[in-house]
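K.L.:
Given the coordinates of chain L, assemble chain A onto it according to the supplied hints.
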Amino acid sequence: MILEIYTKQIRDFCHSFNMKGIYSYNWLNSFFDKSFPGIDKLSDSLNLHSFEVEEFEKKDNDYLICLDILPPRAPVCLSHVGLAKEISTIFNIPLNKKYFENKFDFSKYEESAEVKISTDGCDKYVLLHIDCSEIKDTPEFIQKRLASIDQKLINPIVDISNYILFEIGQPNHAFDKSVVGGIEVKNASGGETFVTLSDEEVKLSKDDILIIDSKNGKVLGLGGVKGGKFSMVESGTNEILLEVATFDSSRIRNTSRLTGLTTDASIRYSADLPLELIDYSLFYIESLFEELGGKVLGATKVEKRAPEEKAEVVLTLQDLEKKIGIKYSRDTVVEILNKLGFNYEVNGDEFKVMQSNERFDVNILEDLIEEIVRVDGYNNVPSNTPKKLMTPKILKSLGYRFKITNALTSIGFSEVITYTFREKGKLCVLYPIAEDRCFLREDLSVGLKEAGKLNSHNGELLGLGEVRIFEFGNVFNKLEEIKLGMHVKYVEGRSKKIDYKAIEDKIKEVLKIEGIELPGGFEDGVWEINFSELLKELKDLDEYKFLSVLKDVNYVKPSKYPFVLRDISVFLNSRNEEGELIKLIHSNSGSLLKRINPFDIYEKDGKVSFAFRLVFQSETKTLNDEAIGEIMSGLENKIKEVGWEVR
Amino acid sequence: MEREKGKPHLISSLISEMVQIFNELGYSVADGPELEKEYYNFDALNIKKGHPSREMWDTFWIDGYKDSLLRTHTSNVQVRYMEKNKPPIYTVVPGKVFRNEATDSTHEAQFFQFEGLCIDKNITLADLKGTLEYLLKKLLGEHTIVRFRQSYFPFTEPSLEVDIKRESDKNWIEILGCGMVHPEVLKASGIDPKEYQGFAFGIGIDRVAILRYELDDIRDLYKADQRFLSQF
Chain L
1 MILEIYTKQI RDFCHSFNMK GIYSYNWLNS FFDKSFPGID KLSDSLNLHS FEVEEFEKKD
61 NDYLICLDIL PPRAPVCLSH VGLAKEISTI FNIPLNKKYF ENKFDFSKYE ESAEVKISTD
121 GCDKYVLLHI DCSEIKDTPE FIQKRLASID QKLINPIVDI SNYILFEIGQ PNHAFDKSVV
181 GGIEVKNASG GETFVTLSDE EVKLSKDDIL IIDSKNGKVL GLGGVKGGKF SMVESGTNEI
241 LLEVATFDSS RIRNTSRLTG LTTDASIRYS ADLPLELIDY SLFYIESLFE ELGGKVLGAT
301 KVEKRAPEEK AEVVLTLQDL EKKIGIKYSR DTVVEILNKL GFNYEVNGDE FKVMQSNERF
361 DVNILEDLIE EIVRVDGYNN VPSNTPKKLM TPKILKSLGY RFKITNALTS IGFSEVITYT
421 FREKGKLCVL YPIAEDRCFL REDLSVGLKE AGKLNSHNGE LLGLGEVRIF EFGNVFNKLE
481 EIKLGMHVKY VEGRSKKIDY KAIEDKIKEV LKIEGIELPG GFEDGVWEIN FSELLKELKD
541 LDEYKFLSVL KDVNYVKPSK YPFVLRDISV FLNSRNEEGE LIKLIHSNSG SLLKRINPFD
601 IYEKDGKVSF AFRLVFQSET KTLNDEAIGE IMSGLENKIK EVGWEVR
Chain A
1 MEREKGKPHL ISSLISEMVQ IFNELGYSVA DGPELEKEYY NFDALNIKKG HPSREMWDTF
61 WIDGYKDSLL RTHTSNVQVR YMEKNKPPIY TVVPGKVFRN EATDSTHEAQ FFQFEGLCID
121 KNITLADLKG TLEYLLKKLL GEHTIVRFRQ SYFPFTEPSL EVDIKRESDK NWIEILGCGM
181 VHPEVLKASG IDPKEYQGFA FGIGIDRVAI LRYELDDIRD LYKADQRFLS QF
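These protein sequence lines are chains L and A, in that order. The first sequence begins at 1 in my numbering and counts up by one. The second sequence begins at 1 in my numbering and counts up by one.
Looking at chain L on its own, in the form it has when it is part of the complex:
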């Protein structure tokens, strides 16, 4: 369900820090008088030019659209007006009203109340004093809009406050003026408890920002996140103090994470709301309240820094062509800048562009180039076939890694990749993912031995005579180094005696061919070599011997049910009959037979005894003795029918 996506933290390589926005199709449509695109066209175009559409879902006669908003666009586009502007640009259809063109005029008003900022986590705080006595009910159109995005109705003032947030993207909070003397924004001490207006109890840390009553120190809210119960607005509240502010994005992100509270306000503050937008938001808020029968009576602002001057960006058609690889015509650039609503001067091929009032993310030439190319469409950029323009250098470590891999695999070793995180070590990480994964490994042997045990247990299922594995990996001691580790282990149920010396000799033999001499040998089943050191002794390479790739693999998930082993020994007349016996076993054991592993051969009285270990496994259930017993009896009978003796 779409709102589950909204509240779930979806983390993915590209999307970890994108913000999810929820929009009503009809609400977006209301900003346009004509030719608003259908939902499919809207979704496809936004996907290509602007933001990834996570999902859209039919809801009565509307659609709910969930978008992944890119971080620099979040302050503007996590709102219906902001997204409508983007749609206006992409589809070249004009908005029917102007937004973010006029600033609030503070000179019209007296102060609303005292405001103090004693934290560096708040750059601008505005408090409006608004008389809401004439606003008896939540206006019809606001009820409709909030319902369209599944927002609950609370009371007229809170509903208007929410509407403002979803319409223009400015978080704001209403305090009951009758119980608040003034506002101070300060840091929490750390350790105190705060109860939200929905009765959630959270413990605070010293990085959290508190909104308190400047007259009596009473806590009114958790800054940037949620208000407290005490000063909350109810039906019948006549006068409010409306907070319109911005807070430090990292602090709000931290507060949200540590308290577990995520709100529509905290999401927007976490995206970094520039203080330059506030005066435009205030103009809208003033107009809206007055339209609804309210009256702004006072306004106080505290600003920790002045708004930044907007930068001018100079772009030439040559800059565009050089970066992108095709020519854009003057007309095309003019058209796109108009669609974007940017002010500019054009002189020949040179454009001097002022940002629009909200685009604080367009500061340098490359930002502007991106705007032009994305609006025009990345599909219009050709794809140049790559050509080889340099002779590559061969990375020694990789070249020898391939050589060693090829050599080891040729003698039955298989490569594993194990975890860097272990239970013990010298260096450990902050906030590990698990208690036994705190430390960085100092060697490969611990991981290899664990892997050896696992594969030893499954050895018969795998048809292994022995477990032979190796790994290349970085380990962390005084220095970070690359190690090569090799491990040999017996298969469970087989002889524990391994001829390590013979295996060592074989390894040395295949590596000698490649000009590689490994120091040391197996110790307690593991042979670990400092590969970084070894490389210093080896000569440079002039080409890679690449590994081969299996492209047509039909991956089958291994069964989670245990396998069962049964041994069978048969006296044959000669070794030549082995193939026949194996064929017979195959045809008479059913589909549960997964392996026929040779176990033993010996000659006695002119006959040859072959012993096999049969491996049975089901994909759907644990096998019982009876079922296997039946298969074995049947098999033994068939063998006897042919004339062989079963031992």
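In case anyone wonders, no lab produced these hints; they're calculated from the structure. Just so you know, not all the hints are guaranteed correct.
What the hints assert, rightly or not - The calculated DSS-like cross-link candidates involving lysine-lysine, where the alpha carbons are at most 27 Å apart (straight line), are:
(1) LYS536/L x LYS165/A
(2) LYS58/L x LYS144/L
(3) LYS223/A x LYS496/L
(4) LYS96/A x LYS137/A
(5) LYS34/L x LYS424/L
(6) LYS536/L x LYS96/A
(7) LYS223/A x LYS560/L
(8) LYS138/A x LYS545/L
(9) LYS310/L x LYS339/L
(10) LYS194/A x LYS121/A
(11) LYS116/L x LYS301/L
(12) LYS327/L x LYS121/A
(13) LYS37/A x LYS426/L
(14) LYS194/A x LYS48/A
(15) LYS536/L x LYS37/A
(16) LYS41/L x LYS49/A
(17) LYS165/A x LYS206/L
(18) LYS58/L x LYS170/A
(19) LYS187/A x LYS37/A
(20) LYS138/A x LYS96/A
(21) LYS66/A x LYS206/L
(22) LYS508/L x LYS5/A
(23) LYS223/A x LYS424/L
(24) LYS539/L x LYS508/L
(25) LYS594/L x LYS557/L
(26) LYS621/L x LYS594/L
(27) LYS352/L x LYS194/A
(28) LYS223/A x LYS86/A
(29) LYS449/L x LYS557/L
(30) LYS170/A x LYS387/L
(31) LYS229/L x LYS206/L
What the hints assert, rightly or not - Calculated from the model, a selection of chain A residues having no Cβ within reach of chain L, i.e. all distances over 12 Å:
(32) TYR39
(33) ASP43
(34) ASP58
(35) GLU83
(36) HIS143
(37) GLU167
(38) ASP169
(39) LYS170
(40) ALA188
Note that beta-carbon positions come from the ideal geometry of N, C-alpha and C, so glycine has one too.
P.N.:
What follows is chain A alone, placed relative to chain L:
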């Protein structure tokens, strides 16, 4: 019993395949540390202090060493390479990277990435598109359709994401991120962005494995279980 041949890990095989594709195009392979200084993992890549990825939640910071971490991408190696080499630069960096995330069937705390960097006098977005289309068709099949769309990364501008659709896919599948290297990144490594420009891209090797072999759990790649590994 005749000994069967062993096998490389499927990630190694994929690395070999991808290195071979780029080796033929003249790209050199670079390598570097997994345990890295925050400068090389963040600052040099225009990921400023205050960016969410720098916080303690998503990155493995080393206890007791306040500016050391396990790299979250192999871009650290690209930065080091740019500091030591003048353009033209054609490099790829395969390697293990680390993200401090809850693990599940599509997320692991360690996985493998393959990054590419191409910096020269006239490398354009059109070159980026062509190179990536070439790579994806080689990796996933000649009939793979490739789509580029708008995205954002602090270290590239413009930034794009690439989706693919193979014959068997109903929907587009996101596969990698890329873009034109941000001028601040070039400057930080001593390269003049007025003289040189180029592209960078990064693809999760695990993701390619999951797509190509229809795997259902990324964690299987690191359990060292031969019931899984021997199939590749």
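K.L.:
Give a verdict on every hint.
P.N.:
Outcome of the hint check:
1. LYS536/L x LYS165/A: Measuring from Cα to Cα gives roughly 45 Å; hence the hint is violated.
2. LYS58/L x LYS144/L: 16 Å, holds
3. LYS223/A x LYS496/L: Roughly 24 Å between the alpha carbons, so the hint for LYS223/A and LYS496/L holds.
4. LYS96/A x LYS137/A: 24 Å, holds
5. LYS34/L x LYS424/L: 66 Å, violated
6. LYS536/L x LYS96/A: Since the Cα atoms of LYS536/L and LYS96/A sit roughly 23 Å apart, the hinted pair holds (cutoff 27 Å).
7. LYS223/A x LYS560/L: Status holds; Cα separation ~15 Å.
8. LYS138/A x LYS545/L: 19 Å, holds
9. LYS310/L x LYS339/L: Holds. LYS310/L to LYS339/L sits at ~19 Å (cutoff 27 Å).
10. LYS194/A x LYS121/A: 9 Å, holds
11. LYS116/L x LYS301/L: The hint holds at about 9 Å.
12. LYS327/L x LYS121/A: With Cα atoms ~17 Å apart, LYS327/L and LYS121/A stay inside 27 Å; holds.
13. LYS37/A x LYS426/L: 18 Å, holds
14. LYS194/A x LYS48/A: Within the cut-off at roughly 22 Å; holds.
15. LYS536/L x LYS37/A: 25 Å, holds
16. LYS41/L x LYS49/A: The hint is violated at about 39 Å.
17. LYS165/A x LYS206/L: Outside the cut-off at roughly 49 Å; violated.
18. LYS58/L x LYS170/A: 20 Å, holds
19. LYS187/A x LYS37/A: At roughly 19 Å apart (the allowed maximum being 27 Å), LYS37/A and LYS187/A satisfy the hint.
20. LYS138/A x LYS96/A: Holds, at about 23 Å.
21. LYS66/A x LYS206/L: Roughly 20 Å between the alpha carbons, so the hint for LYS66/A and LYS206/L holds.
22. LYS508/L x LYS5/A: With a Cα-Cα distance of about 17 Å, the restraint between LYS508/L and LYS5/A holds, given a limit of 27 Å.
23. LYS223/A x LYS424/L: Answer holds: LYS223/A to LYS424/L is near 18 Å, not above 27 Å.
24. LYS539/L x LYS508/L: 18 Å, holds
25. LYS594/L x LYS557/L: 14 Å, holds
26. LYS621/L x LYS594/L: 15 Å, holds
27. LYS352/L x LYS194/A: 19 Å, holds
28. LYS223/A x LYS86/A: 41 Å, violated
29. LYS449/L x LYS557/L: 24 Å, holds
30. LYS170/A x LYS387/L: Given that 27 Å is the threshold and the Cα spacing comes to 32 Å, the pair is violated.
31. LYS229/L x LYS206/L: 21 Å, holds
32. TYR39: For TYR39/A, whose nearest Cβ neighbour in chain L is about 16 Å away, the distance exceeds 12 Å, so it holds.
33. ASP43: Correct as stated: the minimum Cβ-Cβ distance to chain L is 16 Å, above 12 Å.
34. ASP58: Incorrect as stated: the minimum Cβ-Cβ distance to chain L is 7 Å, not above 12 Å.
35. GLU83: 17 Å, holds
36. HIS143: 14 Å, holds
37. GLU167: 15 Å, holds
38. ASP169: The claim stands: ASP169/A keeps its Cβ more than 12 Å from every Cβ of chain L (closest is about 16 Å).
39. LYS170: 15 Å, holds
40. ALA188: ALA188/A clear of chain L: closest Cβ-Cβ about 15 Å, beyond 12 Å.
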